[in-house]
Every structure is written in C-alpha cells, then in structure tokens.
Amino acid sequence: MTESLTKPRRSRAPLGADLAILVLGIWGFLRQCLKSWLRAEKGPDELESDR
Amino acid sequence: MSARAAAAPDLRATYVSGIAAAQRITREVILTVSQSVRPGDTERGVCARLEREFARAKVAHWLHTPYAWWGERTRFDWRGSWEANALPSDRVLQEGEAFVLDAAPIIDGFPADFAYSGVASPGAEAAAVHAALLAELTKLKGELGKWARDAASGAELCARVATSIEHAGLDVIHTRYPAQVLAHTLEGFPNWCSSAPRVGTGFQLPLLLTYATGIVLHHLGGAPYPFLNAGAPGRPRGLYAVEPHLGQGRLGAKFESVLLVDGDETRWLDPELFGEVLG
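These protein sequence lines are chains A and B, in that order. The first sequence lines up with residues 0 to 50 when you count with numbering that gives the first Met the number 0. The second sequence lines up with residues 0 to 278 when you count with numbering that gives the first Met the number 0.
I should point out that these hints are in silico values taken from the structure, not numbers from a laboratory. One thing to keep in mind: the hints can contain errors.
[Stated by the list, open to error] Straight line, CA to CA, 20 Å or less: simulated EDC-like cross-link-like pairs of lysine to aspartate or glutamate:
(1) A/K34 - B/D89
(2) B/K145 - B/E27
(3) B/K138 - B/E271
(4) A/K34 - B/D76
(5) B/K145 - B/D261
(6) B/K138 - B/D89
Using the sequences and the hints, build the whole thing.
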C-alpha cells in the first residue's frame, strides 16, 4: 500500500477551537454586558458635555 | 449564513452594493470625528461623539458599537476578557499618543466595519513611529489582496500576513481579538438576528448570533467558515471585513476594510489606506 505524500486538506475548522470560541464568546459577551451596564450612569449627552 | 453558502452572482452584487453604502457612511462618520480628537479627550467621550454622528445617520443596529483606544491600549496588552477590557474607558488621551477608532453599524440591513488609526499631535516624536506603522499597513493592504486570491486556505493567508508583519520587526496584534481573527465575513445579512435590540455597549447580538450560527452550520452542514484565522479551512471566498493590526513599542495601528474575494475578482472596496469606498 502506498502512502499519500500530499497532506490531506482540512474541510472543517478544528472543532475544539471553535467550541472554545463559542464558550469564550458567550462568557466575554456576558462580562461586557455587566461592565457596560454598571458604568451606564453617564449617558452619551452627559459625556458630550465633558468637552 | 445559508444565503452565503449559495452566494450567486446576483446575491453577491447585492451584498457588495449594500455593504459599500454602509461602509461609506461609517468611514465618513469615523473620519469626521477623528479630525476632532484632541489630547484631553476620553475614550468614552469620543465614543459618545461617534454615537451621536451615527444617530444622525439613523443607525439603530450594530455588529459592535464604537470603540476608541488610546496609547498603550491600542496594543490590547490587557489581561482577561477582550470584550470587557476593550470597552471605551475614562482613559485620557495624552499629547503624541496613538489612537484607534473602530465601529460596525448595520445600515439598511447591511453591516459595515471600519477602523482608523491616528496620532493625537502629528508633530510629536511618536508620530514618526506611527507613520512607519501606517506605511507597513499600506504595503500590507497592497499585498493582502493578491495573497487572498492565491491562498489555498484562510489559515495560509493568516500565516502569510503574520510572517510579513514579523519580518518587518513588528508585533502581530490581531491574533488578540476574539477568535484570533484577521477577518470575518460580512455576507449573509440581513438575517434573522440583524435587527436584534441593542444590549449595552460593545459586541452586539447580531454579531454574536450570526457568527455562532455560522460556526454551527460550518460544522454540521459544511457552510463556509465565517472567519479568517489560524484554523480557517478552504480558500477565502466572499466579502470579508479584514483588520490587520500591528504594533511597535507602546503603539498599535490597524485598518479595517472590506475585501471581495470572488474567483477572478479580488479587490478592496476601498483600495487606499482609509481611502474612499469605491464599491
């Protein structure tokens, strides 16, 4: 039996990496929401008047 | 994303015209506000100005709301969650510091994503280093189109871009983004979630849900992978928001532009660095 000398080309991205992207993405989104809500005491108009 | 999988010439032409129109408005807003950025401004204050300009353009939905990063924050050297750390802060821009503005609104159902890199005081010493970074970005933009056309896979393209940046003696910053992306698709909009309501600041539901759906459809149904990153399989095809980001010392700089890779036709919608969107 002859071994192929060419490296097979992947048709799918690595599943583990994509699961990590999904989990970290949801985690990051939740942290971002929490942080942006906690800091929402200053609205855009108030910030604009800082200048 | 199902629409993207079967992107016929007519559908792609619709994407190109819709995304180009959205990108023109976004570029105009960001460049207008960038002219007003001064030492003493905070990231939050400038983002508020960007939001005000986008509100005038009747923007109600977003992939992500405006970001502004000053000084060392243009390098994303922070620890922990990118999403939380990237939110506009009360950091004050100092004389001679670099800054980056980046916004991705959805306009008439089509997404845009544009970023601009500048310096607070062009005469400052750091401006020379920043100018060198912009020169490298200009060179990269010229070559990236050809590399995308010839790349056997998205992963190969990303490796080539990273090698080019490293050979110039610079740091690769875009791998610090969520999903370590060099680029993400802008096709498949409008879709089921593109009118989702805004939630706070930063990444928004249309971004999160569209790319999560894209990943799932890629693994279950073989749909095109929505990102160009180190694991991206297959030849790049379609419309991508490409955002190479490089750094040197305490400075970081990037551009974000839309690249069309479609068989024989590979071109930037805006060929010049921060230049006009031709469509």
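Status of the hints after comparison with the structure:
Among the hinted pairs, A/K34 with B/D89 is consistent with the structure: their alpha-carbon atoms are about 13 Å apart, no more than 20 Å. A hinted pair counts as satisfied when its Cα atoms are at most 20 Å apart, and B/K145 with B/E27 does not qualify at roughly 27 Å. Taken as a hint, the B/K138 and B/E271 pair is honoured in the structure, with Cα atoms around 10 Å apart against an allowance of 20 Å. Taking the CA atoms of A/K34 and B/D76, the gap is about 19 Å. The hint holds against a cut of 20 Å.
As the CA atoms of B/K145 and B/D261 are separated by approximately 12 Å, the hinted pair is consistent with the 20 Å bound. About 34 Å separates the Cα atoms of B/K138 and B/D89, which puts this hinted pair outside 20 Å; it is violated.
Hint violations for this structure: numbers 2 and 6, all remaining hints satisfied.
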